[in-house]
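Given chain A's structure and the hints, the job is docking chain B onto it.
What follows is the residue order along each chain.
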Amino acid sequence: MRLGFMVDLDLCMGCKACEVACKSENDVPLNAWRLRVKYVDVGTYPEVKRTFTPMRCNQCDNAPCETVCPVGALHPLDNGIVNIDKDRCIGCAACMMACPYGALYMDPETNTADKCTFCAHRVEGGLEPACVVACPTEANIFGDLDDPNSKISAYIRAHPDSRVRKPEKGTKPKHLYTGGGAVHLEPLASKREEGMNLFNRIGTLDKIGGGH
Amino acid sequence: MDNAVVTLDVLHSGVIWGWYVTMNLWAKSIATGVILLAPWILRRHTNPRLRLLIPLIAFIFLNITLLFTVLDLHQPLRFWHMFVYPHFTSVINLGAWLLTAFNGLLVVHLLLAWKGQDTQYRQLMPLTWIVAFFATIYTAGLLGQANARELWHAATEVPQMLLAATLAGSAVFLLMRAGGEQASTWLSTVLGVSAGVSLTIYIAEVVLAPQKSEEAEYLIHVLLSGDLKTLFVGGLCLGFAVPLLMAWAGARRPQPGLMMLAGLLSLAGLWLVKHAWLIAPQLIPLS
Numbered sequence: 001m002r003l004g005f006m007v008d009l010d011l012c013m014g015c016k017a018c019e020v021a022c023k024s025e026n027d028v029p030l031n032a033w034r035l036r037v038k039y040v041d042v043g044t045y046p047e048v049k050r051t052f053t054p055m056r057c058n059q060c061d062n063a064p065c066e067t068v069c070p071v072g073a074l075h076p077l078d079n080g081i082v083n084i085d086k087d088r089c090i091g092c093a094a095c096m097m098a099c100p101y102g103a104l105y106m107d108p109e110t111n112t113a114d115k116c117t118f119c120a121h122r123v124e125g126g127l128e129p130a131c132v133v134a135c136p137t138e139a140n141i142f143g144d145l146d147d148p149n150s151k152i153s154a155y156i157r158a159h160p161d162s163r164v165r166k167p168e169k170g171t172k173p174k175h176l177y178t179g180g181g182a183v184h185l186e187p188l189a190s191k192r193e194e195g196m197n198l199f200n201r202i203g204t205l206d207k208i209g210g211g212h
Numbered sequence: 213m214d215n216a217v218v219t220l221d222v223l224h225s226g227v228i229w230g231w232y233v234t235m236n237l238w239a240k241s242i243a244t245g246v247i248l249l250a251p252w253i254l255r256r257h258t259n260p261r262l263r264l265l266i267p268l269i270a271f272i273f274l275n276i277t278l279l280f281t282v283l284d285l286h287q288p289l290r291f292w293h294m295f296v297y298p299h300f301t302s303v304i305n306l307g308a309w310l311l312t313a314f315n316g317l318l319v320v321h322l323l324l325a326w327k328g329q330d331t332q333y334r335q336l337m338p339l340t341w342i343v344a345f346f347a348t349i350y351t352a353g354l355l356g357q358a359n360a361r362e363l364w365h366a367a368t369e370v371p372q373m374l375l376a377a378t379l380a381g382s383a384v385f386l387l388m389r390a391g392g393e394q395a396s397t398w399l400s401t402v403l404g405v406s407a408g409v410s411l412t413i414y415i416a417e418v419v420l421a422p423q424k425s426e427e428a429e430y431l432i433h434v435l436l437s438g439d440l441k442t443l444f445v446g447g448l449c450l451g452f453a454v455p456l457l458m459a460w461a462g463a464r465r466p467q468p469g470l471m472m473l474a475g476l477l478s479l480a481g482l483w484l485v486k487h488a489w490l491i492a493p494q495l496i497p498l499s
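If you read the sequences in order, they're chains A and B. Residue numbers for the first sequence follow my numbering, so the first one is 1 and each next one is one higher. Residue numbers for the second sequence follow my numbering, so the first one is 213 and each next one is one higher.
Careful, some of the hints might be misleading.
[Unchecked claim] Okay, derived cross-link-like pairs now, DSSO-like style, lysine-lysine, Cα gap no bigger than 27 Å in a straight line:
#1 A:K49 to A:K191
#2 A:K191 to B:K327
#3 A:K172 to B:K424
#4 B:K441 to B:K424
#5 A:K166 to B:K424
#6 B:K441 to A:K191
#7 A:K166 to A:K151
Simulated from the structure, these hints should not be mistaken for laboratory data.
Next comes chain A alone, as it looks inside the complex (with noise of 0.2 Å):
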């Protein structure tokens, strides 16, 4: 069994409904994200639209995290799954060094790396990932990339622009994405405007970013 994420971007709406459900599924604290959707404008006024990119973690057959974690608090499950023991984590932040998504965070309350699990707990118990129940368009598609009657592996077959994001980097990740286009899934093609964004007062805890 590999489980994995299919995010179909031309149904996306930017409701936010996923990443409210992760942070309340596992007690994400403030200041941190599992599961985030990236706002992008792009055009020039009056032609303009506005993207949105649901981003987690990968969850990659080659994880860079899991090899780079000296303790293997980071650790592959037999579903595929890329799981975190927070009480073995040493908070070194080798895998924030090494994952090339940006998908893993220094929890400010137990000081330790956590990340997206597919809502590890919740598949444990034959329930979907919390972000796949709340989303009002069925845009995240989960399932088993190993069986050929998933709904997952249905949609990849329907769906050939499937794609992941950054492919060069060797990492084999199971979460695709359909739909979109650059601005989507590659960081520098779109700019970051100092004090152009919604939220500009967010500030980064003293441990976390700049802190040493």
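Frame of chain A; chain B shown alone:
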């Protein structure tokens, strides 16, 4: 794309590995550098004080390295997990074992020097030298595992680590005026060659080589003309170009004062360049 602007996203996490890690890299260069050069210095100078001072300096700077490594952890009291839950695919874990072994060997050297057991000291030196060599270069492997940071994946990281060690080691010996006039000329040459070769590699890599990705191009811009230009270019001038010229003069005619200054500048410049190199790839958004 000029007309695409991120309007809502989480805050960029900023520099995660900051100056604590730079201290780690810098202090380790000194600790391993003095050992890498020790056999040649000791051959030129048999002063028993130097036999004690060399492992002592290495021990002090190695423990500065370890101190900053532990302090940089978000859970420093769990450092022992490295040894009870070892994950050997991680170069960080391999490095922890290596540095621990290096520390142990340095303690033995200190004891042997203290007791005046020169024969055992000499016999142990090849093993310590080999451990110091791998302790120098393992960080290149560690940076290579940071899949998200393209700048650190250069094939030249290993030679740069070795050159940083010989630069720092020779700088410390010059500051100590170790080995007298004859060694001073040799150390000036080592410092000059280390600075010159390292500077050439940086220039070849950053200025001359074509960059293969948009990310790499952006990082080079950050280093040469962006936010880090003062640190990086200043560090290269201060710690590599100027000491190179001083070493040129020092190698021709012993000038202890000038070479002490060259050593001091090298150590300062090395810190600045390593710091810029460390934080540059952390400044760009990953998603």
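Against the structure, the hints:
1. A:K49 to A:K191: holds, 15 Å
2. A:K191 to B:K327: violated, 64 Å
3. A:K172 to B:K424: holds, 21 Å
4. B:K441 to B:K424: holds, 21 Å
5. A:K166 to B:K424: holds, 14 Å
6. B:K441 to A:K191: holds, 21 Å
7. A:K166 to A:K151: holds, 24 Å
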